[in-house]
Structures are given as structure tokens and as C-alpha cells.
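Chemist: Now for the letters of each chain:
Number of protein chains: 2
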Amino acid sequence: MKNIHIIGLGLLGGSFALALRKAKPELKFTGFDASTKNLEDALTLGMIDQSSEEIPQDTDVVILATPVDTLDSLLLKAMDKVGDQTLVIDFGSTKESLCKSVADHPKRAQFLAGHPIAGTEYSGPKAAKEDLLDKKVFIICEMEKTDVHLKGMAYDIFEALNMKLRFMDPEEHDKQLAFVSHLSHISSFMLGKTVLDKMQDDKNIFDMAGSGFASTVRLAKSSPAMWAPIMVTNKENILESLDAYIQNLQSFRNKISEENGTELLEEMNGINKIGDILDLGK
Amino acid sequence: MKNIHIIGLGLLGGSFALALRKAKPELKFTGFDASTKNLEDALTLGMIDQSSEEIPQDTDVVILATPVDTLDSLLLKAMDKVGDQTLVIDFGSTKESLCKSVADHPKRAQFLAGHPIAGTEYSGPKAAKEDLLDKKVFIICEMEKTDVHLKGMAYDIFEALNMKLRFMDPEEHDKQLAFVSHLSHISSFMLGKTVLDKMQDDKNIFDMAGSGFASTVRLAKSSPAMWAPIMVTNKENILESLDAYIQNLQSFRNKISEENGTELLEEMNGINKIGDILDLGK
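So the protein sequences, as listed, match chains L and Z. With full-length UniProt numbering applied, the first sequence covers 1 to 282. With full-length UniProt numbering applied, the second sequence covers 1 to 282.
All copies of an identical chain are treated as equivalent in the list; a pair is satisfied when it fits inside any one copy or across any two copies.
In silico BS3-like cross-links for lysine-lysine, where the CA-CA straight-line distance does not exceed 27 Å:
{"hint": "1", "residue 1": "Lys100", "residue 2": "Lys235"}
{"hint": "2", "residue 1": "Lys136", "residue 2": "Lys203"}
{"hint": "3", "residue 1": "Lys235", "residue 2": "Lys77"}
{"hint": "4", "residue 1": "Lys203", "residue 2": "Lys164"}
{"hint": "5", "residue 1": "Lys273", "residue 2": "Lys37"}
{"hint": "6", "residue 1": "Lys2", "residue 2": "Lys135"}
{"hint": "7", "residue 1": "Lys235", "residue 2": "Lys255"}
{"hint": "8", "residue 1": "Lys255", "residue 2": "Lys100"}
It should be emphasised that the hints constitute simulated quantities derived from the structure, not laboratory data.
Sequences and hints are given; from them, build the entire structure.
Modeler: Written out as C-alpha cells, the structure is:
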């Protein structure tokens, strides 16, 4: 393994480049980003050695780290062009539709469907951090469909980055992520909107915001160009999680309206156990 | 000012004690907590010198740091008993109802209605931290109703703790806090409930949770004994904020359902500005 090519040099692609360059300084990196500014920044920040819109023929591993609405066509285009010793890995936040798109491609075995569970509310190469992926989970879907030899390169890379591999079906992945990631982003964006709307008649409202508000609204700073396509691509699962959320809010609303302190207390007591569950995961 | 008495030795009362003891080591602290365990912990952790269920006659400042459903009666009882040189300060998260309760009390001028904008998702004296209040906002309501001389002691204390004083009406306080604090807690508790419910048919769902989920659900670990009374006491304002939030979620839900990527993108772009607003506040 000598040459890596990264398409999409934002937060995730950029962090991947920084970490892998440090872990394996002998590798050469090329890459591309649809934004000229991002591409220039990635070169300045030393994420890639050289920009290249085309995937160089001697590339061992191609990384696709772009918004999910661009992945289908980028992946199919890449698969058509790469030689038979090249592995293509995507970092997309939804997996079912992409796995279906590529299911019948003659080079399907050269593709690894991946998703690193890592990110921040910021975006672009300047937001990238060398340790963003360190010790994080990397989900691989349909691992049995990827060529064993090529998969070895992927394992080499993720081991070098200290990532923890998890294997699951694309359908299961998209369902779970709707609940533990996509829904959080919606709840956060809508919380931000609710308070911004209120600011129209009360412009000092943010003066009173403490660390709790900052924590719940943090994801409302996330990149819309990344998130709008996720909402559309994972529509069915997101609607299921969002409807359940709205129903829970309405039921809680009614308990407040009835001033039913006892039921409010019991309900929150039951939810408190999420603390133990999350702390276990650390 | 020599003697401080603290009723409620949890996260907030305990953190206040630790910080003020450090800033003014000459002061003597007594205190009480309805929980024997909390009271013992507070003594062990050196928050108070001595426990005392009654407010000692030579107390200069009484701090009430208990859940809001207990504040009315504790405050009126304290006001009835204290001598005419004692100041009583409360730390409650809602202010309108408490200020009304005490409005006609003959010793009204000996009360300062306060609210430190500080906390974590943990509770009890063991969760207390010496720096919890450092550089945080302390809201004072109806400051004109407190005796000038007694108020001087409060200013001394909050200056020693590096707190930033803000002044506002109790009605305005409760309205703003509903949006920037109480609503965040509800959104977080209900997010936790939605994922916990999902865990019934998918027990590994939390394995996929990243830092974004942890951030949005953090407040679901908060103390129900503190929060259930806030929901009931600030019902009208919370329902206003919660209804606006649910409406925003439903409208966003419909855009997802219609796969209206353009509108989703525009809406999230508009909300992104919350990042600048929050960063300005730092």
C-alpha cells in the first residue's frame, strides 16, 4: 500500500488524512474537493501531497468523504475507472441506498461500505483534527462482499488509526443511526430555531443561556450541506424516530399541562438510567 | 458578615459553600438538608462547619438551594424567624411565583430573589464543584425591593465568587428560562426516552451513539426531583416554548416527508447562525 486518494477534504476526509499521514508517513496522498477553497486549504494544511481531479491509476485506496447525496454517482464513477487492485471506501452516514446502488457492479468486491462514528459540529478542512478518529467506532456494512485481500488494506488502515471495527447490515445501520444520530441533529436544529424565533421579540434571550442549552443546541451548528441529504436519504427511519420523539414530547406536554408532578417525576426517573448506559459505553 | 446558613446542600448549595469558604475563609457555615445522607456528605466534604435544622439567630445570610416546590414554604418560614439584620437569598430556577408569595411579607426587604445560571447534569453534594459558579451569571429579580444595606452583603458574596450580576423582572426571567433552559431539559429527556424505548427491540442501539448524541442527551441525567417541580411551577411559559418546539419539529418532519432537500437546507442554513450568537456570548 503506497498511494491514497481522498475525495472530499472536509472535516472527516481531512482528519483521516492527518491521522493516517502521521501513522504511516511513507504513504503518498492525492485528493480532490469540489470546493476550490477546501482544496487549497487541504494542500496548505498538508493533508494531501498533490491535488488531482482524476483518481491516479496507481492508487491503492480511494476514500469517498463527501455528502451522501453525491456518494452514489461518485462511487459508481470511481468503480468504473479504478484498476482491479484498488479498494474504494466510503465514509457516508447512510448505507442502505449506497449498498443497493453498487450491489450489481462488476467490481462490487473492490468496495467497502464504511462509516466512522466521529465528527464535530464544524466542517471543512480547517475543522479537521488529527485525533478525530482516534479510538472511535468504524462501522463496516456487508463486509462479506468485499475481497479478502483488499479488505486487508482497510484493516491495516483502521488499526493504524486505533479505530474499533463493528460489522452490521446496512438496513440495521440506517435504522440505528436514525435514532442515535440523525434524530439528535433534528432535535438540536429545531431547538435552535425555537429560541432564534423567540429572539425576534426578546433580543437578550441568549444572555441567560447556560452550559445545558449550549450542549443541547451544539449540533445546530452542523453543516446543512451534509445533513439535508442525510434527512432525505434516510427518510423512512428518520420519520419513525421523529414521530416517536414528537409523540413523547406531546405526552410529556400533557402531563405538564395537567400539573401532574408525580408522573413527570416517575417518567424522568425512568429516563435517568440512560446515564448508566452511556457511561458503560465509555 | 460572619455566619452563613445554607438550606439544601446539593450540587448548587454545596458548590456555593465550597467556593465561598475558599474566597472568605473567615466565615462560619451552618446548614441543613432534608436528606440525612446529603447532610452527612456535606459535613464530610467540609461544606459546612456544623449542621443545624434551625437557622441560628446570629446568621447574616441564609441561602435557600432546594427544589422549587419547597421554596415557598421554606422562604416564608425563614422570613418569619430571622432577625432584622439577616438576608435571605434563594437560588430557585423559577422566580415569578416565589416573588408573589413573599410580596406582602413584612420582612420583604430582607429577601433577595436570585438564580445562578450554573449547573451540571449531576446532583447531590458529591457532584458539587468549587468552580461551578465561577464567572457565571447570577440573576437578581426585583432588586429594588431588597434593603440597600443587606443587598451589600449579597454583592460582596457574588463579587468574591466572580459572578456576573444581571437584573430582570421575575416574569421576564421565567419566560426566558423556559426557552433557554427548561425546554432544553425536556428535549433531552424525551430524546433519551425515544432511544430507550427503541432499545426494547434493538438492545445494541447505544453502541452506535457518538459524541453528538451524548451532548444532546446529557441533560436527561438531571435530577427529576429538581426538574418536575420546575415544569409545574413554570407551566405557562414552558407550554409556550414546548408548543413552538413541537410545531417546528412537525414542520421539519413534513419537509423530510416531501423529500424537500432545498427547504431543509435553507432552514438549517438559517439556524446555523446560532453558532455565532453563542460564540459571542463566551
